[in-house]
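Peer 1: Here is how the chains run, residue by residue.
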Amino acid sequence: MLGKKKVLLGGLSALVVGSLLAGCPPKKEALKTSAVGTDAASKVYVPPGKHDEFYVFFSGGFNGQVTVYGIPSGRILKVIKVFSVDPETGYGFTPETRPMLMTSHGFIPWDDTHHPWLSQTNGEHDGRWLFINANNTPRIARIDLTTFETTEIIEIPNSAGNHPSPYGTENTEYVVAGTRFSVPVPQKDVPIDSYAQNFKGTISFIKANEPGKMDVAFQILMPGFNYDLARCGRGPSHGWCFFTSYNTEQAHTLLEINASKNDKDYIAAINWKRAEECLSQGRFQEVPAVYYHNYYDEKKHMAVSEVKKSVKMINPKDCPGVAYLLPTPKSPHGVDVSDDGEYIVGGGKLATVIPIHSFSKMLKAIEQKAFEKEIDGVPVLKYDAVLHCEVEKPCLGPLHTEFDGKGFAYTSCFVSSEVVKYDYKGCKVVDRVPTYYSVGHLLIPGGDTKKPYGKYLVAMNKITKDRQLPVGPELLQSAQLYDISGEKMQLIHEFFTIGEPHYAQAIPADKIKDKIKKIYPLAENEHPYAVKAEKDARVERKGNEVHVYMTMIRSHFVPDNIEGIRVGDTVYFHVTNLEQDWDIPHGFAVKGSEEAEILVMPGQTKTLVWKPKAPGVYPFYCTDFCSALHQEMQGYVRVSPAGSNVPLRYYTGTPTTQK
Amino acid sequence: MNILSRGLLALASLLLILTYFLPLWRIELVAPQYPEGLRMFIWVNRITGGTEFDLYNINLLNHYIGMKPIEPEAIPELKILPFIIGFLIAFGLLSAILGKRVLLYAWVITFVLLGVAGLADFYKWGYDYGHNLNPNAPIKIPGLAYQPPLIGTKQLLNMLASSFPDVGGYIAVVSLFLGFLAIAIDLRFSETGKAEVKPA
Ligand SMILES: [Cu+2]
Numbered sequence: 001m002l003g004k005k006k007v008l009l010g011g012l013s014a015l016v017v018g019s020l021l022a023g024c025p026p027k028k029e030a031l032k033t034s035a036v037g038t039d040a041a042s043k044v045y046v047p048p049g050k051h052d053e054f055y056v057f058f059s060g061g062f063n064g065q066v067t068v069y070g071i072p073s074g075r076i077l078k079v080i081k082v083f084s085v086d087p088e089t090g091y092g093f094t095p096e097t098r099p100m101l102m103t104s105h106g107f108i109p110w111d112d113t114h115h116p117w118l119s120q121t122n123g124e125h126d127g128r129w130l131f132i133n134a135n136n137t138p139r140i141a142r143i144d145l146t147t148f149e150t151t152e153i154i155e156i157p158n159s160a161g162n163h164p165s166p167y168g169t170e171n172t173e174y175v176v177a178g179t180r181f182s183v184p185v186p187q188k189d190v191p192i193d194s195y196a197q198n199f200k201g202t203i204s205f206i207k208a209n210e211p212g213k214m215d216v217a218f219q220i221l222m223p224g225f226n227y228d229l230a231r232c233g234r235g236p237s238h239g240w241c242f243f244t245s246y247n248t249e250q251a252h253t254l255l256e257i258n259a260s261k262n263d264k265d266y267i268a269a270i271n272w273k274r275a276e277e278c279l280s281q282g283r284f285q286e287v288p289a290v291y292y293h294n295y296y297d298e299k300k301h302m303a304v305s306e307v308k309k310s311v312k313m314i315n316p317k318d319c320p321g322v323a324y325l326l327p328t329p330k331s332p333h334g335v336d337v338s339d340d341g342e343y344i345v346g347g348g349k350l351a352t353v354i355p356i357h358s359f360s361k362m363l364k365a366i367e368q369k370a371f372e373k374e375i376d377g378v379p380v381l382k383y384d385a386v387l388h389c390e391v392e393k394p395c396l397g398p399l400h401t402e403f404d405g406k407g408f409a410y411t412s413c414f415v416s417s418e419v420v421k422y423d424y425k426g427c428k429v430v431d432r433v434p435t436y437y438s439v440g441h442l443l444i445p446g447g448d449t450k451k452p453y454g455k456y457l458v459a460m461n462k463i464t465k466d467r468q469l470p471v472g473p474e475l476l477q478s479a480q481l482y483d484i485s486g487e488k489m490q491l492i493h494e495f496f497t498i499g500e501p502h503y504a505q506a507i508p509a510d511k512i513k514d515k516i517k518k519i520y521p522l523a524e525n526e527h528p529y530a531v532k533a534e535k536d537a538r539v540e541r542k543g544n545e546v547h548v549y550m551t552m553i554r555s556h557f558v559p560d561n562i563e564g565i566r567v568g569d570t571v572y573f574h575v576t577n578l579e580q581d582w583d584i585p586h587g588f589a590v591k592g593s594e595e596a597e598i599l600v601m602p603g604q605t606k607t608l609v610w611k612p613k614a615p616g617v618y619p620f621y622c623t624d625f626c627s628a629l630h631q632e633m634q635g636y637v638r639v640s641p642a643g644s645n646v647p648l649r650y651y652t653g654t655p656t657t658q659k
Numbered sequence: 001m002n003i004l005s006r007g008l009l010a011l012a013s014l015l016l017i018l019t020y021f022l023p024l025w026r027i028e029l030v031a032p033q034y035p036e037g038l039r040m041f042i043w044v045n046r047i048t049g050g051t052e053f054d055l056y057n058i059n060l061l062n063h064y065i066g067m068k069p070i071e072p073e074a075i076p077e078l079k080i081l082p083f084i085i086g087f088l089i090a091f092g093l094l095s096a097i098l099g100k101r102v103l104l105y106a107w108v109i110t111f112v113l114l115g116v117a118g119l120a121d122f123y124k125w126g127y128d129y130g131h132n133l134n135p136n137a138p139i140k141i142p143g144l145a146y147q148p149p150l151i152g153t154k155q156l157l158n159m160l161a162s163s164f165p166d167v168g169g170y171i172a173v174v175s176l177f178l179g180f181l182a183i184a185i186d187l188r189f190s191e192t193g194k195a196e197v198k199p200a
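These protein sequence lines are chains Y and W, in that order.
By our numbering, the letter at position 425 of the first sequence is numbered 425, and the numbering carries on one by one without gaps.
By our numbering, the letter at position 176 of the second sequence is numbered 176, and the numbering carries on one by one without gaps.
Okay, chain W solo, but in the shape it has when bound (with noise of 0.2 Å):
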């Protein structure tokens, strides 16, 4: 790895610090009587409203579709995650700092596989949500589910539902897309470097 790579990784590393302190992922409901709309905030640790009782009124209101209360304690997820990031920015300090050109490419692909793995998980969680309804519930409508999209925005009854990665998610993209361009770099002076050396 060249000086410049090492830089980006460790810079790739040190931004997801941010993403502690800022929610990866927002989902959005506005119903006619939620002109305000209703807001839900997915940080690496627990789940938040957008305001104090967002929370409590989407709770409130899935209950008429025998949805699950959505209770950040009781995912396990939310307990993992904070030191799967931890992992990624050590293993990516490390490997900045070892230099060697085998760990940028294992830490790239590890970040893929976590997102992957991740949005499965969320993807899966949304699922049973949106299909794992409470037969007594008092609104049913046949053969409607109401998992929320996975990225994207749906119509489920009232609510237009919206699902979309939040700063501390576009920071990790940026983290990602720096660790790719960490090794486009070091690919493009690896390439010169050759280049250089062969008439010598």
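So that you can see chain Y by itself, here it is in the shape it has in the complex (with noise of 0.2 Å):
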């Protein structure tokens, strides 16, 4: 009898296999390591000294930075800084920027970067900001595209795990949030097991389209799920924001099993029109809580912190019409609205179908108030009602679509490594590429707005064995160019990204490079500590700090010889770097010190803080190659023994008596 049922729950899980498989081609091909097609190169070649068509912008996951390529070549443009600290240029360690990753938690000098996303306007990318979230201590931050220099970030309080974030709307009027763990709304002191009772989830609309004044505009408090990846609509569903869920089971162990049981979970539809009314009728609760909102402005420097000490917050029984749920098979991650902004794409990643939702039926649905049930205040939708069609067959694993503006939907499948290609409106599949190894995130650029390029697809893989030559145990991630131009996709290049390309976002070359800042001009530097000429190059000791005020061009410091420093002083160079010609940075080291080195770009000034233990004289130099006599760029500082009366003097050339 036992061994019978085994026979049989063998034969049944076979079965399920082979039928999933047998929508998906043998998968022998995909598992050779070329298929690349012979006119390949010419397709990626950009000659020494040409530009790059596209700007892509690549999440750096673990890392907490994002890193700038171009494509077709796959060259690396920039690694910017964000969430972690950079020793290369002293970001979060100098004064000036530690404010950056002041959260409410303390100083944060790491995060996890998933998604970044550009500012739109009308639904095309404008080329001003590139917003990305960081996962782990919820924050969205803005990075200004003329420095590509991250500018500005806020914490979202009442979240844990920002991941669906921070897709925004068409005119960026919000960037969104979502958090990826229910936890106690505010936070408490409960039996993890009381999940059902006392946790809670929160979609976040953050106020993104001024620069400096990014505020929490309002949190909706939604049922105790994960909430997962999000999109906004645009066209016809601009006023809409729509989020995965899964684990809509509640389960708070073995998720693995536990959230993986209902057939269907569900996509939040968001009306955030509908939220502005009930926030001008007082439909809200103010709530208390903590979160850090830092801003960096460029002619000072310098970033501040300010600290919010409450929040808007709606709660759907108290604004009908706000939230609705959509259910949809099964743990969706990638919710994808076409570019015409009326189909909604569900990347099941547990599902055999991909199902696409209609917004002008989920609309019609809620007219008609064709609900199955409500929870939490939340009307749960007919999936019959809002369903336009499934995709049968896909694939294994569909994760996240992205859209041609031809009438193509591109999912991509971890599971079975591949990229689907697939008329949406017809709900048929028409061409599949396989990828090097298990696509996570794809990108078309301009795939997300109302007018993609459809020229390139770039799948990001997760695992890149056998892809390049080893180098121990940890590989970078992989991300492939497709050409998808023609009617079958074909892979032309691959590269690799520094940290988890988990998602990337594409803006054409022209719409950026033109207003790149090269240098800050020198007039407009309002550093409290800069000097702009060396004949006002200074040191003053106030107590046991002394503020050393330092100028720097090639291929000199001013002062370079300082004495009368002390055993117990603190130290602050402020270092103003003289130069306004383009790439003419110049760093900044002492010995001894334990902090980083500073990278002072040209017009700015940068503090490194500095505490000498013991007597003696340390030199300090330029660290970066910035001249014929660079390596002549260097200076002293004389450390005398704590309490000793050797006075304070400092010259470059000729020692002066000093006032």
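FYI, nobody ran anything at the bench for these hints, they're computed from the structure.
This one's a predicted model, so the numbers in the text were calculated from it and none came from an experiment.
Mixed in with the good hints there might be a few duds.
What the hints assert, rightly or not - Cβ-Cβ distance ranges computed for the label pairs, FRET-style:
1) W:127 x Y:583: 32 to 40 Å
2) Y:649 x W:140: 29 to 37 Å
3) Y:463 x W:160: 45 to 53 Å
The beta carbon of each residue, even a glycine, is placed where N, CA and C say it ideally should be.
Hints in hand, dock the two standalone chains.
Peer 2: Have a look at this one:
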């Protein structure tokens, strides 16, 4: 009897897997390591000195940064410092940048970046800003695309695991955040197994269209699920944002099994215009919450933090029409809106179909109250009433979808390591290509806007074994570039990324490159410790704090000799780079410094804090090869024992008696 | 002077007004590390860079070879030149009104002399900048001077230096050319006038 059961189960599972695989091609060629067309090289060759067609911004995943590449060449352009300290530039070490990484939990030198999102105007990329989420300690950063530097970070209260973030609205009115982990809201000490009673989800809308003024405009209190990815509507669906959820089972342990039970989870549809109405009608609660807003002032070269004390919380029970749930099979990951704003594709990572919802059907279903039930005040719409179609047997583990603007959708499939292309209106698969291996997100430049470019597709892979020279157990992740301009997708290039390329955004280079700032004008430098001319360089003692107002220019520091520092002093080197020429940074490092070096851009001021521990003469020098006399760009600080009375003296060239 | 020559002289004088609004001369430095070039424009009353910061950067580079910084405020010629041009304009217009041939000749000769003096002065400045180097300069190459060419292109270490008139300069040339043309026409007409007079 027992044996029979086992056979039966075995047979059944073979059947299931077999039927899943039936929809996919034989995996043999997918396992070959090369499938590149013969003309691939010419398609990606950008001669030295020529510029790429697109900027691509890859999230750095667990390194907390953003990496910028050019495509089609796959050349690296920059690593943008966002949520992790950076010893190369001093980001997060200097007093000017430390406030950027302040949170309600204190100073946090690391985070996990997942989803870059380019600002939009009228549903198209406008090249002003890039936003990116911090997943671990929920935050959203704004990167200014004239400098490719992080200029603003806001913390998201009542959230844990800021995963569906920071996707934004078509005029960058808002960027969104959702909680991956539901937690007690507000936080409190409760048994974990009281999840169902005590744990809640929040979805946040952050005002994003004014630099320096990011603000959590409002939060919506949602059922205690895990919220995964998001996308806001455009065109007809402008005013709505969509969020996938999983663990609608509300499990709190062994989620691998316990959160994979329901046939369908939900896509949450949030009507933010309705939320704005409720706000103006006072249908919200002002909930105490401590969170940080950090802003870098480019003129002061200095970041400041402000602490916020409360947030506006909307309970859907008090604001009918603000939130609906769309049943979606099964544990959906991606939720992606087509370029025309009408179709909402769910990527059910455990589903055997790709469900496509219709926005207009959803509106009709809401109007006709085609509700299945209600969860915590949020109506659940009937699946059949909102569904446009299901793409049958697409692949295994569909995750995330982008659009080419020509009527096709492209979905990445993690388990079967491939990309499928299908006609999303007709619900028919038309092409598929293998990826190497285990693709997460994919990218089509502009594929999340009203006007996708539809020329390239980038697959971002989690696993790259055998794709490159081995370098030990840890390998880089990969980005694979496909030409999608023809009927068949064609792999044309592969390059490797720093950190995990969780998701990426791309913009035509022409939309940005002429707006790039080359220097910080010295005349506009309002840093309180800046000195704009060598004659103003000086050293001032205030008790046991010594402030060095130093300048740097090819190829010397002023002053380059400093005496009269004592053990026990804290020395602040406020260093201003007097250059006004593109690509002439200078670096500053001093022996025994417990902080990073600082790299100071032309016209900028940065501060290195140094606490010498023993008497002696300590050299400092320029770390960035700046000129023919770079090696001569150096100086000395004399440190005397505590309590000694060596007079304070400083000079470059002939010593003069100081005032 | 006949009416056509008077008109040409007036036009030549008025054209010079444009030189107040357009640079006379440009010096350009191109090097491997300055692919976009560093530019310096000489106007009647000032010196500017191709960008807001070019002059600053040229001075920054010049210190390696011990060249004096270029400080437009310290160049007396730039204070005089606007008046010289103003004088030429007034003189030319007055001559055109009075219509005396000798004034036309005087105007053209004055213009030529001023032009030659200007170029000579410019050469002197260039010579001084290129030869009077700080003895403590970090880079010293025996026998090498850094004088930019008066007109033309020259390799100075890693820099390809070129020096050419700019729009204002060309306008001045056109103005002078119109002066010569006025003389030529005046001569031609007076000759035919004489020829016509004879048979009568
Ligand atoms: Cu340096």
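Peer 1: With reference to the structure, classify each hint as holding or not holding.
Peer 2: These are the hints, each one checked on the structure:
{"no.": "1", "hint": "W:127 x Y:583: 32 to 40 Å", "verdict": "33 Å, holds"}
{"no.": "2", "hint": "Y:649 x W:140: 29 to 37 Å", "verdict": "31 Å, holds"}
{"no.": "3", "hint": "Y:463 x W:160: 45 to 53 Å", "verdict": "52 Å, holds"}
The structure fails none of the hints (numbered hints given earlier).
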